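Asker: Here is how the chains run, residue by residue.
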Amino acid sequence: MSKKKTERLFEDIRNMAMRLTEDDEALTAEGVRKELRETGVDPDDLRARFHESVKQLAERERLANRAVPLSLKRAVDSTRPMDQLPSDPVAATAFADRWLEKFRSTFALPTSLEGARAYRALDDLSEPDQRGLDELEAELKKKVKKENEPQT
Amino acid sequence: MTEPSFTAVDFEEVLNRLVVYAQSLSAAMVCAGLQERILPGGESAEDLAMATLLKFVDPLNTSVKWSEQKAEPTTATVLAYLRKVLERDFLDLKKSKRYRTTVYVDAYGDDEDEAGITLEQLAKMFETPEGEAQRRQQVEWVLKQFDLEPELKEIVGLQLDHKGYNAFSNQELARLLSTTVADIENRKKRIKLRLRKLAASRGTKEAEHV
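Respectively, the protein sequence lines represent chains A and B. 112 is the number that the working numbering gives to position 112 of the first sequence; each next residue is one higher, with no gaps. 172 is the number that the working numbering gives to position 20 of the second sequence; each next residue is one higher, with no gaps.
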């Protein structure tokens, strides 16, 4: 009985999760990366951590004299840092295509793009939006300052 | 049967989309009025997504594999398969006795040192009239988080209502709220991000307490 109730609760959770992701399928790969950044996840760091983990798995297989499966090889290749091209020509071409796609998708504009203005002085911005803008400004200033620091 | 080549699978994209889905599951937990106490080193959305994908590519783990009888995998098909796996793992994890929930309702104030109850106990409690009342309070707690953004709050109210959300299309919502469909879509996107952030911040806060 209790199990049924738990399942029902989980069904509600599952349905809500589906509602929250219903528009995500239409997002481009770059759009998903942007959403991750907006929720505090660094997609580059995530890819680097995953790459290290799959590299270790592949290394373990090689040391045990076992063939590295294609799925694992592909996982290593498709998450390489941008400055490490795979040695296999086919994988290298696919890697370069994905790299270029990141630039192209950045410029994909939504079809229903509208212009809008909001002024802080006229109370057009909600408090969270003001906070968000302040955080962005502070982050930008910090970045500029860091980039202009003399190299020691 | 030959081994699938996986050339049409972008593992980075699969990973990113799995994290987004794991975040949505956590946000859905918050909407249901639940928040797990995450133990230090416990599973965040990123940990869970990465663990799911690693299980898939680890040859020593045979529990999550692409059947050779299936068609050549693509990013979309692998993602659809792993979302199911992640969902199952997520719910199993939450059922585990190790994880206990804290119910955030105003009546409990900000004292988050409550002992918490297991999800099964909570599910049972929700069936009672008191539990139903408490659930309503939890929905109010989530709505309160949108007090400063009334334009989002009116949609969140519908989103948390089991019947309401699907009863209105974006066009109908736009008509009801005297705005454009694009604005409704934009508001929904902001709500989604806010709920995911809310879930993530609750998890972090809890981790600091344990």
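Do not take every clue at face value.
Stated by the list, open to error - Below, a sample of chain B positions facing chain A; criterion: calculated Cβ distance under 7 Å:
1. Arg169
2. Glu198
3. Asp199
4. Lys207
What the hints assert, rightly or not - Mimicking SDA-like on lysine to any residue, the simulated pairs with C-alpha atoms at most 25 Å apart in a straight line are:
5. Lys236/B / Glu30/A
6. Lys340/B / Val68/A
7. Lys217/B / Val68/A
8. Lys217/B / Thr227/B
9. Lys341/B / Ala91/A
10. Lys55/A / Lys341/B
11. Lys236/B / Glu7/A
12. Lys143/A / Asp123/A
Hints listed in this document are in silico derivations from the structure and should not be mistaken for laboratory results. Quick caveat, the model's predicted, so the values are computed rather than measured. All C-beta atoms in this analysis are idealised placements derived from N, C-alpha and C, irrespective of residue type, glycine included.
Asker: Can you verify the interface hint for Asp199/B: is its Cβ closer than 7 Å to any Cβ in chain A?
Answerer: Hint violated; Asp199/B Cβ to chain A Cβ min 10 Å, cut 7 Å.
Asker: Min Cβ distance, Arg169/B to chain A: is it shorter than 7 Å?
Answerer: Since the shortest Cβ distance to chain A is 6 Å, the answer is holds.
Asker: Take the C-alpha atoms of Lys143/A and Asp123/A, compute the straight-line distance between them, and say whether it is at most 25 Å.
Answerer: Violated. Lys143/A to Asp123/A sits at ~29 Å, over the 25 Å cutoff.
Asker: Given Lys207/B as an interface hint, is its Cβ closer than 7 Å to any Cβ of chain A?
Answerer: Since the shortest Cβ distance to chain A is 11 Å, the answer is violated.
Asker: For the pair supplied as a hint, Lys217/B and Thr227/B, confirm whether the alpha-carbon distance does not exceed 25 Å.
Answerer: holds, 15 Å
Asker: Take the C-alpha atoms of Lys217/B and Val68/A, compute the straight-line distance between them, and say whether it is at most 25 Å.
Answerer: holds, 15 Å
Asker: Check whether the Cα positions of Lys341/B and Ala91/A lie no farther apart than 25 Å.
Answerer: Since the Cα atoms of Lys341/B and Ala91/A sit roughly 35 Å apart, the hinted pair is violated (cutoff 25 Å).
Asker: Check whether the Cα positions of Lys55/A and Lys341/B lie no farther apart than 25 Å.
Answerer: violated, 36 Å
Asker: Given the proposed pairing of Lys236/B with Glu7/A, does the C-alpha separation stay at or below 25 Å?
Answerer: Measuring from Cα to Cα gives roughly 15 Å; hence the hint holds.
Asker: Hinted pair, alpha-carbon criterion (25 Å max): Lys236/B, Glu30/A. Please report holds or violated.
Answerer: Within the cut-off at roughly 23 Å; holds.
Asker: Take the C-alpha atoms of Lys340/B and Val68/A, compute the straight-line distance between them, and say whether it is at most 25 Å.
Answerer: violated, 44 Å
Asker: Regarding the hint that Glu198/B lies at the interface with chain A, is the smallest CB-CB distance below 7 Å?
Answerer: holds, 6 Å
When the structure is compared with the earlier hints, violations turn up for hints 3, 4, 6, 9, 10, 12 and for no others.
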